[in-house]
Amino acid sequence: MIELQNITVRFGGVTALDAVSVVFDAPVSGIIGPNGAGKTTTMNVISGFLPSSGQIACDGEVISHQAPHQRARWGLRRSFQREQLADDLSVLDNLRVILDELPGSRRDKVADMDRALEVTGLALKAHTLAARLNTYERRLADVARCLVGRPRIVMFDEPAGGLTPDETQHLGDLILQIHGLTGAATLVIDHDVDLITRICEQTLVLDFGRRIAMGPTAMVLADPLVQAAYLGLEELG
Amino acid sequence: MALIIEDLTVVKQGRELVRSVSMSVERGQVTAVLGANGAGKSELVLAVAGMLPIAQGHISVDGRAIQGCPPDVVRLAGVAAVPEGHRVLSKLSVDDNLRVAGSMLAGDQVGPAVAEVYALFPELAERQRQLAGTMSGGQQQMLSIGHALMARPKYLLIDEMSLGLAPLIVKRLVRTIESLVDKGVGVILVEQFTEVALSVATSAVVMRTGDVRYSGPASEIRTRPEILEAAYF
Amino acid sequence: AGEPTPSCGPGKGKAATGKPIKIGAIHGNAAPGDFSSATDAAAAYFACVNASGGVHGRPIQYLVENDQWNPELAAQAVSKLVQDQKVVAMVGNASFVEMSVNAPFYAKQNIMAMASGCAVSECFESSNIVSTNQGPLASSVGAAMHAVEKLGAKNISCIGLAIPSVGNWSCGAVEKYMAGKGLKASSVLLNPGAPDVNAALLEAMASGANSVLVNLPAGLAIAFLRAAQEQDLRDNYSWTSSTPLYDKSVPAALGKYWSGKVYVNAELTMLDGKGADNQHWLKVMDAYAKKDDPRDTFSQSGYLSAKYFTQTLAAMDPAKIDDRAAVTAAIKKISGLRSDLSCGPYYVGEAKQHMPNHAGIMVVVKDGGFQKVRDCYEYEGPYFTPLVNAEKALGLR
Amino acid sequence: MKSKLPFLAAYIVGMALVCGILAWGKPLPMVGLFIVSGLAIGSLYALGGVGLVVLYRTTGVLNFASGAMGAAGVMTAWQLVQWGWAEPLAWAMALVLATALSLGYGRVIAPRLAWRDPVVKAIATLGYALIILGVTSFLWVDQVRSFTLPTDQMALRVWGLRVTGTRFIALLATLAVVVGIWVYLERTRTGLQMRALANERELSALIGVRILKVETIAWGMAGLIAGFTGLMFGDLIRLEPSIITFMVIPSIAAAICGRLDNLGMVLVGGLSIGVLESMLTLSPALKSVRTVAPFMVAIVMLLLLQRGRRIPFERDE
Amino acid sequence: MLCGLVALVVVPMFLGGQWVQILTSTACFALAAAGVGFMYSRLGMVSLAQVGLMGVGGWVMLRMNHGFNLPFELNLAVAATVTMVFGWVMALPALRMRGLYLALITLMAASGLEIVFSTFRFPNGGEGFWGVMPSLIAPFRRPWLATGNEAYLRYTVVMLLVGFLLIEAHRRTAPGRAWAMIRRSEAAAMASGVNVVYYKAWAFGLSGLLAGMAGGLLAGTLGLLDPATFRASESIMLFALAVVGGARHWLGAVLAAVLYRVLPGLFNNWGLDADLALVIFGAALLHALMTAPDGLAGQLLGLARRKEGSAT
Ligand SMILES: Nc1ncnc2c1ncn2[C@@H]1O[C@H](COP(=O)(O)OP(=O)(O)OP(=O)(O)O)[C@@H](O)[C@H]1O
Ligand SMILES: Nc1ncnc2c1ncn2[C@@H]1O[C@H](COP(=O)(O)OP(=O)(O)OP(=O)(O)O)[C@@H](O)[C@H]1O
Ligand SMILES: CC(C)C[C@H](N)C(=O)O
Ligand SMILES: [Mg+2]
Ligand SMILES: [Mg+2]
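Protein sequences, first through last, are from chains A, B, C, D and E.
Count along the first sequence from 1, then add 86; that gives the number in my numbering.
Count along the second sequence from 1, then add 45; that gives the number in my numbering.
Count along the third sequence from 1, then add 162; that gives the number in my numbering.
Count along the fourth sequence from 1, then add 13; that gives the number in my numbering.
Count along the fifth sequence from 1, then add 8; that gives the number in my numbering.
If you are wondering where the hints come from, they were derived from the structure by calculation, not from laboratory data.
Don't take each hint at face value.
With a cut-off of at most 20 Å between alpha-carbon atoms, the simulated EDC-like pairs for lysine to aspartate or glutamate come out as follows [stated by the list, open to error]:
no., chain 1, residue 1, chain 2, residue 2
1, C, Lys452, E, Asp281
2, B, Lys136, D, Asp274
3, C, Lys418, D, Asp165
4, C, Lys452, C, Asp196
5, C, Lys174, C, Asp439
6, B, Lys57, D, Glu215
7, C, Lys410, C, Asp196
8, B, Lys136, D, Asp130
9, B, Lys57, A, Asp174
10, B, Lys136, D, Glu215
11, C, Lys514, E, Glu135
12, B, Lys216, A, Asp293
13, C, Lys418, D, Glu100
14, B, Lys57, E, Asp302
15, B, Lys136, D, Glu213
16, C, Lys181, C, Asp246
17, B, Lys216, A, Asp280
18, D, Lys300, C, Glu337
19, C, Lys453, E, Asp281
20, B, Lys57, B, Glu129
21, B, Lys57, A, Asp173
22, C, Lys248, E, Glu158
23, C, Lys445, C, Asp502
24, B, Lys136, D, Glu199
All chains, please: the whole structure from these sequences, using the hints.
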């Protein structure tokens, strides 16, 4: 369960998030909204990259006072809208960076990484330099990074961007497995409404930094406010 | 009157990322380029734009050869490319980004051209003074497309047009493409959302690992999706 | 043209043959300054010696290295000369860095360096280096003495380099000299690369001095004097300088403004001096040096070192000439050599400190050139007491 | 820009405080002398810094060779005057030479390094500086020279210090460049294109900026400023190629005060560095290291300007 | 490896005194170049103060030598540690900065050090804290294993190898991975649990440690140091050469030092005018930067690899 309480973020005069309060209690939840609505900003706040007012908690544990790297060690994982694997490390080493910072025996860590590579189907590419991966493989590696080291919150920022429908399908399946494998709560931002509909039980809709809807995904998408602001259905109609 | 790519090969670090690819688009037509990841579509776009060296092949615009020309000459020749990954001039404001993209227009043309882009993307108009680097991913994508539109091109190449854009915007863009095509612009559209691409395309090219696997009318792919499937797997 | 080519050394005309005697030298020639004129002159002199029959019939092979103002290169150069080439002595060295780096090495290898262009304290306060030139300390004290005795200086501001072994050392000696006279002096130290000389000028003004002693390399000194000119201070102070300003290109660079106002201490005789040795120096340079090799104080100094060295070698047992220890011993025995180029006698001796040349002349910048205003006078001050005692012991006084 | 004003005010107050402490107990006329003298040298730092920032903002290259170009120019001017050329012609030739050197680099070498990171581009100019310095010191062997401009004869007393016409020219020229370049970059199309190019050269080309043309103008402009700066340094500092060449390092200190971006701050930074350096002479303990002032000020400024900056998400920045 | 060891023992015996000196100095600078090189290639951080830091190490080394009667190794350890801490203190406030700004702040520090060195000089056995006296310097104690010049060269080369191994050990373990991540993006590194400031400071410290060692060893070659060696422009030059040599590989550091010390030695031996040598040097620097993006080491290794490829 992820709780955001009264989160406000300002950039100079612009209010990117305006007193947003929300509780995500599904295994996989979505965040949607028009461009610039504040979705990425929300993830950045959760990661601790941006100063904000308000409070962030997970399963009752407040994490908003922690530095970003402490949150990561605590169990926060995320991908970026512009993915950011270390190009001069192998896929395996990209995972190992996370485990390096965590306690645990070497053997457990190796097993942990093996499982992540197995699940994502990257086992054969484990020793390939990240620079050699194509877009899809990089997304898979992102997922693998989110599987290691006992994650508690996992966040994906537009994971399906630039993927083909089949790749999106497969990636969606992987994301759905995360909760079962690790117990982590997952947040997904994407503009692919089909993907959100398929994998997210509940969805938050932001517009101009404000929460305009929250609830079961199907219900939220049927909301006329959401349709007007995001899907543009009536405009087309 | 067409943008013609013939026998194009692109080599990067000893690997042939694009191998003898030929395709063309006429003024007022849309060619969709489809294919799974790593097919070499982005490299193709960059090569046409003059951003990657070409190992072999010819590219011509309305009969004039442009292969080997630097990017600014290619754009002056009327070909505007939107590269993948919403690239913007991060330290310049939105307004300056658009103005500088209008460098080849006559001085009095710049204002109206900027206004047109703002009309298409009111989201940008609200943020004229904001530094482009601080905008959200989708906003940067709009700006990146705005760059290309500023040149009032004869041919437009867009790599991953819908990447990071809200459905509402994608719909709006599709209509814009259609109206550009009506005005006689030739468009090459690289898309993962095949639906979107095929809804506007007249012809289609399907690529896989650097090769062309299919080239023909778009309608055929719409009716026979197995062509695509073959290219994807 | 038409003049007979000069002859040098003990030889009697025929060019020398046989196994060469290897002599080394190190000069500094790179970005901040060119100190090669001493070795140029020494090379010309040795060429002249060889053409005139060499020493004991053998030619001198003169090996010159450039330290490029780089201490490591200086150390490498000396290794090459002393260890690899096995030179028997160093003659004509002129550098800002070489001596401080290599002084311990010379002592350890028991080789003598008869230097011609010493600038730093280590050069004068070392057992195996002896220099023909005076360096900043002696020259500054000489200038200060002139300022006090002839220009009415009561309080001197000594403008030196902010380098302990140069500026602090030499301006410090000026302060001690003044204190000994019951007068005042202070030091203003400038960083060699400092772009701003104005603040130093203001500092000098603020010290309450009535006389300014410029003890800087020529380029910096000119910049300093131009700052003073900018403030139109020519007539508010008396102006003296140590040797570096005694250079042909200086009067032009200073311009009319300073004509008759800047008094410069010269370590050796005037460059156009009429003495036999000075004339011989000029002739040797014309005959054996390049046209554009400078004819300056360092050149005189290099000539003199080479000449004294040749004399010493010629007086040695020919069998011992390739024996470095013997050559060193012979050099250390030098005593009472005289020349019209310098005011006092030249001597070496066993000592931790060598500065045979501590008397000089004064010239003034006048009408685009220099005029002599004071002939040979010996410098006073506590620094010279041990030297005077040594000279007494050698029977030179 | 607006948020910088209180910062600027705080900076000036801080500087005044430090100088006040240094001047404590000293007679006022003397303090005045040191302040004016500091402003005089500070304006030279500023001039050098402004030249660097102009090129950096227009091409993204921090040019370690600008001092060397200026040095080559002023040495040439000196030589031509020695050969009896008319002075204005000799000055013009200095500007022409510096501009040509700058253009040569901008056209031949800079494009081949365009894709390297800014630090590598900067150190490459050091290579060029060495070439120019080497040739200059080879052609003009070590010898004392001096270079004077007729404006050295005119002077005005400011707080007891005589300030020559040349110094006023240097200061006014700095001001003119600050204002002129600001207007040029913000108000003209070419200026805009230069900013774009400095931001990202490849993308600028893609969106239609005529790179060669714009870069030629930028390097030409920078060369002209470097040549002028060389003439000023040759007159006001010393006519020694290596000294003028390495003046680029304290000039960088001034440039840093404006974060390589804000020309106004470069001016303020340069002047305040000069004043601080001059005032340090008043402290017996610190006067021997007063030339450290530019670097200390630059470090403090950069740290202050850096405060509160967010994590960079992108690779560049 | 064996060949290397044999060469290490044998080669110095055949070199002249001059070349022993040159190579010793080369080894010292290779150590320092390795420091800047790894920081640049692994983290994208540029230090333009490395030679300045060598000066700090050298200063401490001389201070220790003339002040206390301790063995060489202990002095060297102190010098390296002090320099490391100095590097930290210098870098800590600068760690939020990146790219050119970080480089320039280190350049400013180097310029400051240059002035401090030239004003106060290096200790030569004099009185007081600064320890400078005007006459002959006091003796310097070399390691008891290596008092002769040849032995000292071997000693320095061994220390250089130790330095390389230290970097390599880092590269293959957690710090190396964290650095690669930081280089990619600081945000991504933090999101992976990497304490960015800590690891950056670590890198600076390691680089400073190597500089300190290098400076201490350099002090041992002559038994004294001169401020002219540690000018800010030398720091820039060393970084430039580290890039030219190839920052990603230890061979690059060696090549950088060879260009920095051996080449000028050769020029000097050939009697080339110092000014013209500067011109050649500058031109070579530019040429290498333009044509060898991975440095000379990258080119050489690429060549070797291609040869191997065609052989098999
Ligand atoms: N430094 C800044 N200054 C001003 N505005 C900013 C700054 N950084 C972000 N913003 C604005 O904050 C808003 C929120 O951005 P955010 O990246 O969260 O959008 P998003 O919902 O992720 O959009 P997208 O779907 O396009 O990725 C945007 O309108 C952006 O322009
Ligand atoms: N420098 C490089 N060296 C080796 N391979 C590379 C390099 N750059 C890209 N590639 C590879 O080239 C292939 C083609 O890339 P490209 O970006 O053109 O594909 P695409 O069809 O646009 O797919 P998408 O953009 O959806 O990933 C990819 O497999 C990629 O991994
Ligand atoms: C440094 C200078 C003041 C000294 C000069 N080299 C001389 O011999 O007098
Ligand atoms: Mg976003
Ligand atoms: Mg692509």
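Structure-based check of each hint:
1. At roughly 16 Å between alpha-carbon atoms, Lys452 of chain C and Asp281 of chain E fall within 20 Å of each other, so this suggested pair holds.
2. The straight-line distance between the Cα atoms of Lys136 of chain B and Asp274 of chain D is roughly 11 Å, inside the 20 Å bound, and the hint therefore holds.
3. Under the criterion of a C-alpha separation no larger than 20 Å, the hint pairing Lys418 of chain C with Asp165 of chain D is consistent with the structure, at around 14 Å.
4. Between Lys452 of chain C and Asp196 of chain C, the direct Cα distance comes to roughly 15 Å. Compliance with the 20 Å bound is thereby established for this hinted pair.
5. As the CA atoms of Lys174 of chain C and Asp439 of chain C are separated by approximately 19 Å, the hinted pair is consistent with the 20 Å bound.
6. Taking the CA atoms of Lys57 of chain B and Glu215 of chain D, the gap is near 17 Å; set against the 20 Å cutoff, the hint holds.
7. Simply put, Lys410 of chain C and Asp196 of chain C have alpha-carbon atoms about 15 Å apart, close enough for the 20 Å limit, and the pair holds.
8. Under the criterion of a C-alpha separation no larger than 20 Å, the hint pairing Lys136 of chain B with Asp130 of chain D is consistent with the structure, at around 16 Å.
9. Taken as a hint, the Lys57 of chain B and Asp174 of chain A pair is honoured in the structure, with Cα atoms around 17 Å apart against an allowance of 20 Å.
10. Pair hint Lys136 of chain B plus Glu215 of chain D holds up; C-alpha atoms about 14 Å apart against a cutoff of 20 Å.
11. The straight-line distance between the Cα atoms of Lys514 of chain C and Glu135 of chain E is roughly 19 Å, inside the 20 Å bound, and the hint therefore holds.
12. The straight-line distance between the Cα atoms of Lys216 of chain B and Asp293 of chain A is roughly 18 Å, inside the 20 Å bound, and the hint therefore holds.
13. For the hint linking Lys418 of chain C to Glu100 of chain D, the alpha-carbon distance of about 19 Å falls within 20 Å, and the restraint holds.
14. Under the criterion of a C-alpha separation no larger than 20 Å, the hint pairing Lys57 of chain B with Asp302 of chain E is consistent with the structure, at around 16 Å.
15. Taking the CA atoms of Lys136 of chain B and Glu213 of chain D, the gap is near 9 Å; set against the 20 Å cutoff, the hint holds.
16. Restraint check for Lys181 of chain C and Asp246 of chain C: the C-alpha separation of about 17 Å stays at or below 20 Å, so the hint holds.
17. Pair hint Lys216 of chain B plus Asp280 of chain A holds up; C-alpha atoms about 16 Å apart against a cutoff of 20 Å.
18. Pair hint Lys300 of chain D plus Glu337 of chain C holds up; C-alpha atoms about 19 Å apart against a cutoff of 20 Å.
19. Distance check on the hinted pair: Lys453 of chain C and Asp281 of chain E sit about 18 Å apart at the alpha-carbon level, within 20 Å; holds.
20. Our distance criterion of 20 Å between C-alpha atoms is met by Lys57 of chain B and Glu129 of chain B, whose separation comes to about 17 Å.
21. Proximity of Lys57 of chain B to Asp173 of chain A is assessed by CA-CA distance (about 16 Å); at most 20 Å being required, the pair is judged to hold.
22. The suggested pairing of Lys248 of chain C with Glu158 of chain E holds, with an alpha-carbon distance near 18 Å, which does not exceed 20 Å.
23. The straight-line distance between the Cα atoms of Lys445 of chain C and Asp502 of chain C is roughly 15 Å, inside the 20 Å bound, and the hint therefore holds.
24. Taken as a hint, the Lys136 of chain B and Glu199 of chain D pair is honoured in the structure, with Cα atoms around 13 Å apart against an allowance of 20 Å.
When each numbered hint is compared with the structure, no violation occurs for any of them.
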